[in-house]
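Chain A is fixed; fit chains B and C onto it per the hints.
Chains as they are written, first to last, in the working numbering: chain A, 1 to 484; chain B, 1001 to 1484; chain C, 2001 to 2484.
If you are wondering where the hints come from, they were derived from the structure by calculation, not from laboratory data.
Check each hint, because a few of them may be wrong.
Some, not all, of what chain C presents toward chain B, calculated at C-beta under 7 Å [what the hints assert, rightly or not]:
1) R2057
2) L2060
3) V2317
Far from chain B by the CB rule (all over 10 Å, computed), these chain C residues [unchecked claim]:
4) L2209
5) V2367
6) T2374
7) T2412
8) P2423
9) L2479
Listed below are several chain B residues computed to face chain C (Cβ distance under 8 Å; list not exhaustive) [as the list claims (entries may be wrong)]:
10) R1043
11) V1046
12) V1076
13) D1078
14) E1088
15) D1092
16) V1096
17) V1097
18) R1397
19) Y1398
Where a beta carbon is used, it is the ideal one built from N, C-alpha and C, also for glycine.
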Amino acid sequence: MIIDLGKRDLITIEDLSNREIEAVFRVADQMAENMIEQFGVCRGKVMASLFFEPSTRTRLSFETAMNRLGGSVISVTDIGNTSLAKGESIADMARVVGRYADIIVIRHPWEGAAKVVADYAEVPVINAGDGGHQHPSQTLLDLYTLKKKWKTLKGLNVALLGDLKYGRTVHSLVFALARFGALMNFRQSPGVEMPSYVLRKLREYGLVLRKYPNVNDSGSESGSTPFDVIYVSPPNQARLPMETTDIDIQIKVRRGGHDIEVMKKVDALYVTRRQKERFKVEDGSDEIDKIYPVVDKKLLQEEKYRKAIVMHPLPRVGELAYEMDADPRSMYFKQAGFGVPVRMALLSLLLGAKSADMPERRQLSFVEKKEFLTYEMDTGVRCQNEKCVSVQETEKRYIKPKFEIVSTTPLTLRCTYCEQETPPEYLPSLYIASSKWHQGLVENKRYYKADSFMLGRIRPENLIIFGSGEDARRQGFKLGKRAV
Amino acid sequence: MIIDLGKRDLITIEDLSNREIEAVFRVADQMAENMIEQFGVCRGKVMASLFFEPSTRTRLSFETAMNRLGGSVISVTDIGNTSLAKGESIADMARVVGRYADIIVIRHPWEGAAKVVADYAEVPVINAGDGGHQHPSQTLLDLYTLKKKWKTLKGLNVALLGDLKYGRTVHSLVFALARFGALMNFRQSPGVEMPSYVLRKLREYGLVLRKYPNVNDSGSESGSTPFDVIYVSPPNQARLPMETTDIDIQIKVRRGGHDIEVMKKVDALYVTRRQKERFKVEDGSDEIDKIYPVVDKKLLQEEKYRKAIVMHPLPRVGELAYEMDADPRSMYFKQAGFGVPVRMALLSLLLGAKSADMPERRQLSFVEKKEFLTYEMDTGVRCQNEKCVSVQETEKRYIKPKFEIVSTTPLTLRCTYCEQETPPEYLPSLYIASSKWHQGLVENKRYYKADSFMLGRIRPENLIIFGSGEDARRQGFKLGKRAV
Amino acid sequence: MIIDLGKRDLITIEDLSNREIEAVFRVADQMAENMIEQFGVCRGKVMASLFFEPSTRTRLSFETAMNRLGGSVISVTDIGNTSLAKGESIADMARVVGRYADIIVIRHPWEGAAKVVADYAEVPVINAGDGGHQHPSQTLLDLYTLKKKWKTLKGLNVALLGDLKYGRTVHSLVFALARFGALMNFRQSPGVEMPSYVLRKLREYGLVLRKYPNVNDSGSESGSTPFDVIYVSPPNQARLPMETTDIDIQIKVRRGGHDIEVMKKVDALYVTRRQKERFKVEDGSDEIDKIYPVVDKKLLQEEKYRKAIVMHPLPRVGELAYEMDADPRSMYFKQAGFGVPVRMALLSLLLGAKSADMPERRQLSFVEKKEFLTYEMDTGVRCQNEKCVSVQETEKRYIKPKFEIVSTTPLTLRCTYCEQETPPEYLPSLYIASSKWHQGLVENKRYYKADSFMLGRIRPENLIIFGSGEDARRQGFKLGKRAV
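Same shape as in the complex, but just chain A (with noise of 0.2 Å):
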């Protein structure tokens, strides 16, 4: 079968099916085995590369990519020298950007901002990187090294270790290895865990999730301040292909004295930077610098890691040592390398200049998505991540907040722009209401406080929230007598 994926967005991870991402690494191949013979596949088209953070990588290997295939870039790299600097909103660049470009490449500190540009321009855009939400691009050339170097991603032991919570290509990464049948294991060092929002996300995959607390290390010093981990491991395991028998995953936590091998085997280690930038005043930036993880000869000498590949997204500041890059388990460079046919691949699919004859065969997906109902009513309440773009003063103008209502068991609401939860000290200041009790019957107009028992009698497609009781009585509502 064909895989067009012409004027298709890539905002997040899940914008691709499985099939899809194998489309991109197949034609990832062609653009690697012959590089100038790509030149003039995509001649006359314009790329946008809209960066407003800081980056080298990412923006030069986009801007390579669209170069080798015989492209032309326009780009912006500084926030303070665009229109957006004058108060403009996103929407408006992006109307205007996809007028001109034929593609849109777009990194933004605010999370959602990629999504936001996909919806109001006309041409395919590419999330690279949106605050802390996700890198997807960069989700793709990490599977395509962990294919190359394994030719499966079925059934892998990755462990992954370093700032798993504002580290944005892991928030990616995981996703993915989920669908296609990878084991994880994180090693959450204090203070810069994997964010709740994630491990929910993981859990309605139906992947099973198990933490080891406190577990301690052998290996490198930084490995003497203990850390949680938490194993990932599919739905079913009997769904996993034959060729991969040494997924025994014996549990080997040091605990009372005794230890349990938290994973057999390591196929590849996937270490993140601290990235600070993202840090806020009350994570305590200092402290957590003495017990980051550094990712070492010493740490490697551990028979599990023997064969296991050393990635990382890079740039590395402290937590792997300049003596790995003679280790031959390390890959971080060749990794960066992929980027380059990763992305024309990715480039010239979405502009609709290559496609893929992929072979019919089911689709390989280990999870499934769970579908949640959409909450779109512009009635008070707003997403509480400060750094999501529906709550920025220039976007609010226009962007209507919508969530999908992810749990009633608390009412918990995920942003649709920067994927984050409602936080539970949120939900004292919500209310409530049916918008089928009152149909036509202005005194059954009543309102309940959200954390109430009402919750429960009101089914979710009639669900109407508040963002305050004040919201409520603006639009007609009385305070319910039962709910006080």
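Chains B and C in isolation, oriented as in the chain A frame:
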């Protein structure tokens, strides 16, 4: 006849005749019709894109245009990163970059900077905005938008509102509209009125200006603040062609209880954002924000706006409501999109890669520019505009002041760089003499106050103007008795 | 013989032999002759243009050169926008960008930075200026300008004035001029004299340096401040070819009432601006401004300058009067324009897209570089130049100090990165030992003060140099009695 613009500059919109502007539109139509075929028209040519002020739209559309023609781009996007930061003059930069590139596009905060670049570079130069002065390529696409919609510019009724003081796009546009026989209506909000030098120049063109103060507009909320309207019409309406029979202007101003209609029918409403970055402290910024006009559905429900297209050079801030985006009259995104074909046309014409075969017919300009005597002696008179390129520390070492004598009642000089006039308060510092009277006779070298009756006795072509009495004495003149 | 420079780096001008430099000129001539035909020579190739310091001229001319060859450019123009701002090392950046691009052009404020890039990137690297160290492509176009004018470089009289201390273009140029047999004359204004490490290196080449202090120049006003002149001539003037018969140097210095002519005839006057951005507080900036030389018509009216061409790497500030622009001797804008063909030649040669067939003849260098022992042990000695790449926080994690032992009377080490020498005041902190004496005998592991007579007893190839007594003791050495 063949219109060949090869090697020409575009510094102000007056650099192109009406026929030449129509040639640009002719080529822009070809570009828009089949954009992909234009790749290669400027093969091997290099455009220097020098932006010393923030820009997204203009820079990216010029660069896109050059790329779509198959040419290359070198660019500077930040004054901090260039040798100008090392104290280099604009002239030196122009001479050097003019030896690298085949064409230069420049935006600069100093008024008249683009003219200096054109004076010193050996290649064509396009002014992409010089301070609050001009932005002629924007004017071309504004005119193109009007022409696309209404087929003609003759007799169109164009209302302009917003920041008429610092909005350079407006200053370029009004002269062009006048030349093509359009009628204009300036809705002047307090504090952002059209500068007097623009009004004077419109009068020089022979246009009729009528001012109606304190008009109240029904319509949008912001309309509650009264504003002045200046109505501008061609010198001889009889010269307007037949097809514009509906230019039946009835003036309707609310005054003394009577309503007078200011403009029966508006064909286009041209809105601009407040140019906050150009505002001076004494302009009283916050005050203006409160009364700044807002274009929204309410304003546009007036009958006269029924068919008006809404234009905006973008970026917008708050003066154009988001609700307008879905209104069929809104043209501003389409207008921005026209930037690419119009600039492709402009680049290919100035590079001599295209020419246009235009029908032979009489020139279409409805107004004629008045010619003035030029004053070029370096006798101490300086442009009083602190943003003029001619008074900058790095530039005054080589730029000689140069003025047009636009009036002698009282003496008023127009700087040939920034086109601003000497303000009345400068007059008392100036002194005059005649170059003719004293020929050979040292005792006749007398100077007089510039605001004295002696001004009338000296023929303009013999006039010497001193910046101060000291300047006069330094050149061997003595104070004349009669004129003290 | 075919000169093939494919895969070579250009970090200092010494990386190219005289014949190779002439090959660059040969190809530059072809480029200049028919520029439009070169489009396509580097088709499909990508140049990375990494500018971590302000630049217009150099960056734009390299980018123009690549564009005119039909290649593409990816560029970084601001350190604030890159991963270097995240604490990434230059080596990591080099390894990554070297996997994207086919050639790297780098400007960086740290001296020796380009060498590090070349050490780590797998593609050719061109140094476009590393701090105050070198700028060899500027030297190529300076030499090309001289050659175009005078047909030969042999025996030319070149006077250099301006900032000889921080002007990196001057430091690259003088070695090249020496190699081609030119004579030089450094007009040293107080505070901006030629650094001692440059003078030493010139002496190593066997050149004869004669200093005439307190010379008074007739000529320009600024000439009233006396300055020192250093006259540099080839080791064996007899080796100079016949055509330069007019190198008949009479020294004429005003001293004790007598006038001595310093240089009978100047063929080129090379002026540089004050490198204010490199000045340190202790340099006393304002003081220097007052006495900085100015090249103007008055200075150039001296007979010896009658045919001298005036060169300047630009940008100029105040040291080159605008009145010179119209003078036929002024070559600086033409010189800047040569940047494009010379850099086209350089890029196409290093990319292996061009080669040059040069006549077989003896090598033309009039001087020979002296070879020194290299000291590479990491025993605590550090380069004392605070702008050297090897001592920067992010770089010293992986760069091992490396020196040439250029003298042992007293001990003087030249850093292989920045080429600066250890200053005399560093000597008392250094200690020495011999690697030979103590072989196998722990009790013989003695260390001595580096400025003691023991230095003469140790053969340079056996020398161990410690950064401090503590460094020596840490490595198991004891203080030798005799040398305290």
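Please flag the earlier hints that this structure goes against, numbers listed from lowest up.
Violated: none.
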